[in-house]
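Throw the hints in and build the complete structure from the sequences for me.
Below, each chain spelled out in residue letters.
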Amino acid sequence: MNRIKEKLQEDKKLLSIYFTSGYPEINDTVQIIKSLEKNGVDFIEIGLPFSDPLADGPTIQESSTIALKSGMTTNKLFEQLKDIRSEVSIPLIIMGYFNPILQFGVEKFCAKCEEVGIDGLIIPDLPVDVYNDNYKAIFDKHGLKNIFLITPQTSEERIRFIDEVSDGFIYMVSTASVTGSTKGFGEETKAYFKRIADMKLKNPQVVGFGISDEDTFNDATKYAKGAIIGSAFIKHLNKHGKNNIEDFVKSVRPV
Amino acid sequence: MFYAKKLNKMTYQADEKGYYGEFGGAFIPEMLYPNVEELRKQYLDIMKEDSFQKEFKALLKDYVGRPTPLYYAERFSKKYNTKVYLKREDLCHTGAHKVNNTIGQILMAKRLGKNRIIAETGAGQHGVATATVCALMGIECIVYMGEIDIERQAPNVARMKMLGAKVVPAKSGSKTLKDATNEAIRDWINNPVDTHYIIGSVVGPHPYPDMVARFQAVISEEIKTQLKEKENRENPDYVVACVGGGSNAAGAFFHYLDTPEVGIIAVEAAGKGIYTGESAATSALGKEGIIHGSKTLLMQTDDGQITEPYSISAGLDYPGVGPMHAHLFRSGRGEFISITDDAAMKAGLQLAKLEGIIPAIESSHALAIFEDRKFKEDDVVVVNLSGRGDKDLNTYIDYFEL
Ligand SMILES: Cc1ncc(COP(=O)(O)O)c(C=O)c1O
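Line by line, the protein sequences give chains A and B. If you number the first sequence the way UniProt numbering does, the last residue is 255 and the count never jumps. If you number the second sequence the way UniProt numbering does, the last residue is 402 and the count never jumps.
If you're looking for bench data, these hints aren't it; they were derived computationally from the structure. Please read all numbers here as calculations on a predicted model, not as lab measurements.
Computed cross-link-like contacts, DSSO-like style, restricted to lysine-lysine with a CA-CA straight-line distance of at most 27 Å:
no. : chain 1 : residue 1 : chain 2 : residue 2
1   : B       : Lys175    : A       : Lys69
2   : B       : Lys287    : A       : Lys108
3   : A       : Lys13     : A       : Lys242
4   : A       : Lys82     : A       : Lys242
5   : B       : Lys161    : B       : Lys171
6   : A       : Lys136    : B       : Lys287
Structure representation (structure tokens):
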């Protein structure tokens with residue numbers, strides 16, 4: 001069974017961490033993944049840096065710019081991940097924008113993902129209909145789950161459609177916002193979390209965007225299966241370096 | 001002015017999903033879907049409404065000053081031994097064709113019930129045109145502009161402020177037009193209900209390229225009527241326009257796209273030379289990819305990172321090109337020529353001396369092709385003079401040490 005689906009069946013709220021590969025230092029990717037697993041993170045999103053990340057706020061943008069300046073490339077990422085499966089067993093998802101994947105070649109990219117043991121992809125600017133028409137068969141062939149986003153503005157009809165074509169989890173964007181907001185969740189957002197929970201979708205939901213600490217993690221996972229932290233972790237790396245990951249994870253989900 | 005698309009008819013117009021051949025579409029994150037979808041569902045119907053057309057046409061006439069003249073440039077024609085007409089978009093209110101689109105889109109935004117407008121701008125021409133229509137309608141206006149461009153284009157920043165717009169510096173990435181566009185898109189993600197994004201060219205996700213092309217189509221609509229009066233024929237032998245994102249070109253080409261006897265010539269900025277690493281000649285340097293929600297030709301590294309273009313003309317300094325133009329290039333329907341900074345500057349100065357018209361440096365690129373691209377003596381060539389050179393005086397002064 002796909003590692004993502006297996007993980008989703010565990011009887012607990014899942015904590016996922018996003019980080020940009022090649023950041024803070026170009027060769028930190030593997031060490032960060034191992035450290036996140038060791039400290040109990042349930043699954044990881046590995047960011048493939050892009051020059052123009054439309055859906056991201058300044059923190060993730062900046063980390064991408066630095067990674068690219070250090071020489072991070074798609075090939076480099078696959079090289080770094082070559083032996084990852086001999087050491088890491090939690091689900092690994094690559095999150096990247098579509099253009100670098102298109103230039104690498106979608107088929108070749110998916111084959112590489114399978115080869116190194118990637119379980120799924122999140123590509124924010126690859127729309128569902130284009131995916132279904134052109135790429136689904138390739139993803140399926142290589143055993144990759146494609147994760148789609150919904151937002152507070154997504155219509156019920158479209159959520160049902162996305163639920164239908166999803167096979168893993170649905171990425172619930174918490175608020176109308178790019179990544180990195182730290183405002184906390186107001187009543188409106190909590191009502192949206194509940195509304196989605198009440199839809200009884202076939203796929204579990206994992207909340208992302210705006211989760212930065214224990215409070216927001218708990219709010220997000222009151223109904224949802226899990227939550228993803230990105231910018232707050234990048235900020236932590238920026239401040240404390242990669243040797244202090246344990247503190248960050250414990251601050252979000254004390255043991 | 002609307003082309004009903006006939007099935008099975010070969011066309012260079014967008015199809016209903018916004019594709020021009022293999023280019024176009026809407027590669028947008030889900031956060032933008034409701035906004036873009038709302039627009040996509042309604043734009044054609046709104047544009048067809050009588051009340052919309054009436055208001056649009058009245059404003060183009062009384063506020064923008066249309067129709068703009070189609071001027072036979074006698075001395076210029078004599079010099080190049082062919083018949084050259086200039087379509088005088090430089091005489092539009094605010095100094096360039098950009099306002100045709102912003103008038104259309106502000107009327108669209110009103111009908112969609114939006115009360116906040118955002119825009120991106122490079123040189124500031126589109127920003128000024130957007131700030132202008134927002135002032136006209138009393139609507140809040142926020143313009144994103146690269147931090148570097150804000151420094152380079154101080155007069156246009158001042159104009160926008162005078163018109164009541166808020167100019168927000170884009171500090172990410174290379175701090176120029178593409179980053180201003182990213183910031184505008186991020187703003188739209190953060191404000192999904194009350195805001196309309198007025199994109200300034202035939203770029204971005206469907207329906208923008210098609211919508212902007214239709215608003216700019218008034219240019220070729222007028223050329224047809226005016227040429228009939230002057231030459232007793234609607235179709236010139238060639239239409240020439242500069243291409244940044246491609247909106248003035250899309251407007252000048254629009255009603256000739258499916259008329260193969262009319263040659264279409266798109267002029268890009270070669271910067272310091274196509275292969276110098278300082279160029280914006282997307283058709284020569286670009287590969288198929290995705291920028292700002294559209295599949296098109298764009299300048300990028302082998303790894304799919306978008307690269308920074310260069311041109312002396314800020315309005316042509318965009319790493320992509322609208323999907324219509326990518327298709328015109330790929331299909332061979334359009335002839336693509338690129339012009340260096342030096343050739344464009346020379347052509348700008350020459351037009352001033354020959355015809356008493358100081359063109360925008362963008363438009364000077366289109367005028368520069370006559371040096372090497374020869375036409376027959378009785379060819380009728382229409383050049384779209386997209387804007388006037390007031391905004392470029394400092395560049396002209398520095399370059400020619402005037
Ligand atoms: C005078 C003028 N011409 C041309 C352009 C290029 O834009 P487009 O290719 O969309 O017409 C600009 C853009 O700022 C402009 O100001």
